[in-house]
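Undergrad: If you count by my numbering, then the sequence shown holds residues 1 to 124, one letter each, in order.
Just so you know, the hints here were simulated from the structure itself, not pulled from any lab data.
Careful: at least some of the hints might be erroneous.
[Claimed, not checked] Derived DSSO-like pairs (lysine-lysine); straight-line CA-CA distance at most 30 Å:
hint: 1; residue 1: Lys66; residue 2: Lys111
hint: 2; residue 1: Lys66; residue 2: Lys120
hint: 3; residue 1: Lys111; residue 2: Lys38
hint: 4; residue 1: Lys66; residue 2: Lys44
hint: 5; residue 1: Lys108; residue 2: Lys119
hint: 6; residue 1: Lys120; residue 2: Lys108
[Unchecked claim] Cβ-Cβ distance ranges computed for the label pairs, FRET-style:
hint: 7; residue 1: Asp32; residue 2: Glu115; range: 10 to 20 Å
hint: 8; residue 1: Asp69; residue 2: Gly94; range: 29 to 39 Å
hint: 9; residue 1: Trp118; residue 2: Asp98; range: 31 to 41 Å
Ideal Cβ placement from N, Cα and C applies to all residues, glycine included.
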Amino acid sequence: MQVALSEREKIVQPIDNYCSNIYNIYMIFEWDEDKAKKNFAKHKVTFEEAQTVFYDENALLLADEKHSDDEDRFVLMGMSSMMNTLLVCFCERGSETDEIIRIISSRKANKKETEQYWKKRRPL
């Protein structure tokens with residue numbers, strides 16, 4: 001015997017037809033305290049604010065080949081939790097299981113860099 005479905009039952013899909021993935025991503029940050037103080041004096045950006053750029057899903061990652069003689073360095077341009085577009089220079093340290101992001105410097109993006117960020121940003 002076949003039962004006719006109501007209009008509502010035709011629209012509503014069973015929840016098991018959908019899949020959702022949840023990931024926990026832990027980022028460990030470190031920096032030199034003296035360097036952080038000098039960076040703030042020069043650029044008025046704290047490394048605490050700089051680390052929030054790593055949570056911007058629209059951040060742009062660039063290799064910093066000019067400063068990568070001894071280790072691979074990168075520049076991340078993105079929006080901080082304080083709504084500032086920042087450039088954060090960093091390197092990665094640690095093992096495969098315990099990766100550490102070492103912040104080297106950070107500053108506010110200039111007008112041209114900010115325009116570049118907004119141009120390449122994914123649409124809302």
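Undergrad: Against each hint, give a clear statement of whether it holds in the structure.
TA: Verification of the hints:
no., hint, result
1, Lys66 with Lys111, "22 Å, holds"
2, Lys66 with Lys120, "23 Å, holds"
3, Lys111 with Lys38, "23 Å, holds"
4, Lys66 with Lys44, "24 Å, holds"
5, Lys108 with Lys119, "17 Å, holds"
6, Lys120 with Lys108, "17 Å, holds"
7, Asp32 with Glu115: 10 to 20 Å, "32 Å, violated"
8, Asp69 with Gly94: 29 to 39 Å, "20 Å, violated"
9, Trp118 with Asp98: 31 to 41 Å, "35 Å, holds"
Comparing the model with each earlier hint shows violations of hints 7 and 8; every other hint is respected.
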